[in-house]
Amino acid sequence: MRIDTIQGIIGKHKNDKGGLISVLEEIQSKLGYLTRESLEAVAEGMGKPLTDVYGVATFFRAFSLKPRGKHLVSACVGTACHVRGSHAVVRELEKVLGVKPGDTTADNEFTLETVACLGACALGPMVVIDGHFFSKMNSGKVKGVIDRARAGLDRSEGGGDERVFPLVVRCPRCNHGLMDSGKLIDGKPSIKLTVSFGGKHGWLRLSSLYGSYSVECEYEVPVETVVNFFCPHCHAELGGSQECSDCQAPMVPLLVDGGGMIQVCSRRGCKVHMLDLNGVNFDF
Amino acid sequence: MIKLWINDLPVEVEEGSTILEAAKFLGFPIPTLCHMDSLSPYGACRLCIVEIGEGDRAKLVSSCTYPVENGLKVRTASERVVKARKMIIELLLATCPQSKVIQDLASAHGVRQQRFKQEYDDCILCGLCVRMCKEQMMAGAIGFRGRGERRSIGTPFDAKSETCRLCGGCIHVCPACTLRCTYSEPEKAVCGGCANLEPPCIEKEEFHDMMCYMRPCVACEIIPTEKKQS
Chain P
1 MRIDTIQGII GKHKNDKGGL ISVLEEIQSK LGYLTRESLE AVAEGMGKPL
51 TDVYGVATFF RAFSLKPRGK HLVSACVGTA CHVRGSHAVV RELEKVLGVK
101 PGDTTADNEF TLETVACLGA CALGPMVVID GHFFSKMNSG KVKGVIDRAR
151 AGLDRSEGGG DERVFPLVVR CPRCNHGLMD SGKLIDGKPS IKLTVSFGGK
201 HGWLRLSSLY GSYSVECEYE VPVETVVNFF CPHCHAELGG SQECSDCQAP
251 MVPLLVDGGG MIQVCSRRGC KVHMLDLNGV NFDF
Chain A
285 MIKLWINDLP VEVEEGSTIL EAAKFLGFPI PTLCHMDSLS PYGACRLCIV
335 EIGEGDRAKL VSSCTYPVEN GLKVRTASER VVKARKMIIE LLLATCPQSK
385 VIQDLASAHG VRQQRFKQEY DDCILCGLCV RMCKEQMMAG AIGFRGRGER
435 RSIGTPFDAK SETCRLCGGC IHVCPACTLR CTYSEPEKAV CGGCANLEPP
485 CIEKEEFHDM MCYMRPCVAC EIIPTEKKQS
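So the protein lines, in turn, are chains P and A.
First residue of the first sequence? That's 1 in my numbering, and the numbers climb one at a time after it.
First residue of the second sequence? That's 285 in my numbering, and the numbers climb one at a time after it.
What the hints contain is simulated information worked out from the structure, not anything from laboratory work.
Since this is a predicted model, take the numbers as computed values, not measurements.
Hints are all accurate, no fakes.
Here are the simulated lysine-lysine pairs, DSS-like style, with alpha carbons at most 27 Å apart: (1) K143(P) <-> K100(P); (2) K17(P) <-> K418(A); (3) K308(A) <-> K357(A); (4) K66(P) <-> K14(P); (5) K48(P) <-> K418(A); (6) K14(P) <-> K418(A); (7) K384(A) <-> K367(A); (8) K370(A) <-> K357(A); (9) K444(A) <-> K66(P); (10) K95(P) <-> K70(P); (11) K192(P) <-> K271(P); (12) K48(P) <-> K444(A); (13) K271(P) <-> K30(P); (14) K100(P) <-> K30(P); (15) K143(P) <-> K66(P).
Taking the hints into account, I'd like the entire structure generated from these sequences.
Now the structure itself:
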């Protein structure tokens, strides 16, 4: 991290009384841990002795002076989880990951730590990986959970992840439904539209799963091509005044059943899309 | 001026002073360890505890950090205070049994044994050296690190400090690492400094000149095994 970035962070918190903690938190969130150089820069920037900065950094568990892995595994060893057998879970985690609590695996994938309570005592033993809570853990479940985390808990799996959900859309001009239950994409009815590009004219089906980029077309659409979209019912061209925030191609507006609009970038391969539900923007 | 009672005597002291300052000024003895004039009060050792309040609301506070209040009722040597103080000394002793400062305190307060496992640590985390370095030497080279069991005093990253001028102020004020009981060198083990008048070892002939108050006495515990080996 560059010195001027740290100075910028210090400038933001210089007048707060507990500013040091905010500064360290921000640096940790950017770097993942606190380097010796960054602590020295903070001490100099805030006019405090390095001993004070180091004392705060080592006092709080939230700060780490060692690099952390990509995935943070926190096993609860609080009283409730302890009596429900968290020690067996921790032992199994140690075995599967090959590290002791507080350490990071050699491939920098996992950091194992124990925490005193996660506030979900009724569901114990609890393990939290990257913000995903795994309740009623036992040593048998550990391997599967770690494998899932290695594969990425945030990846869209369809159904499992609530951030992927199906949409039902209509033409914004004629209000005719665009769903085609005769052809399924991602196991859900697809969105059927007419497209034209480079003198070709044909159908195109989009996945109705929000967050999925699966698409099928009558012709092969070369990547980077900007495609003109039409409603297959009223044949009106679907194009709004909005431009894609990434590639400046026109955005295609579609009405979402239940209120709101979804805007999809018309360039093949561009993944910009924007869901506007009653004025609330979910910009991915 | 603030009016308060110390050991049932009505007294008047200046506003802003602490109970410890008031008591010392008026001649009520309160033992201290981590307190030093010219250093900011810290309240780490808890030796200076006094009882304030009455009845069910009576509580123990560290007098070095408690500012005087109007109408405050302070007892510097009530039964509860003395008992708690003896326990604190016993615990300090278990941490640093070799510290002469703590041994003398124990002798002065009639602690004749200590029931806890002796740790032989070289630090009781009183913070005197940290404050000395920061407030009097204007260096701030050493500080507290970590928390709980792992709390320790030292330089950041255990690296050689650039701000340390090797003034020795930290060693000068340390109650644990200076004036150690020299029990490990038998010929020098005659402390004489302990105020203990009934040393448990005096009955044993070979230690007749030793003045160690502890039971088990550190000197008798250690030296016989060394003798056995040799």
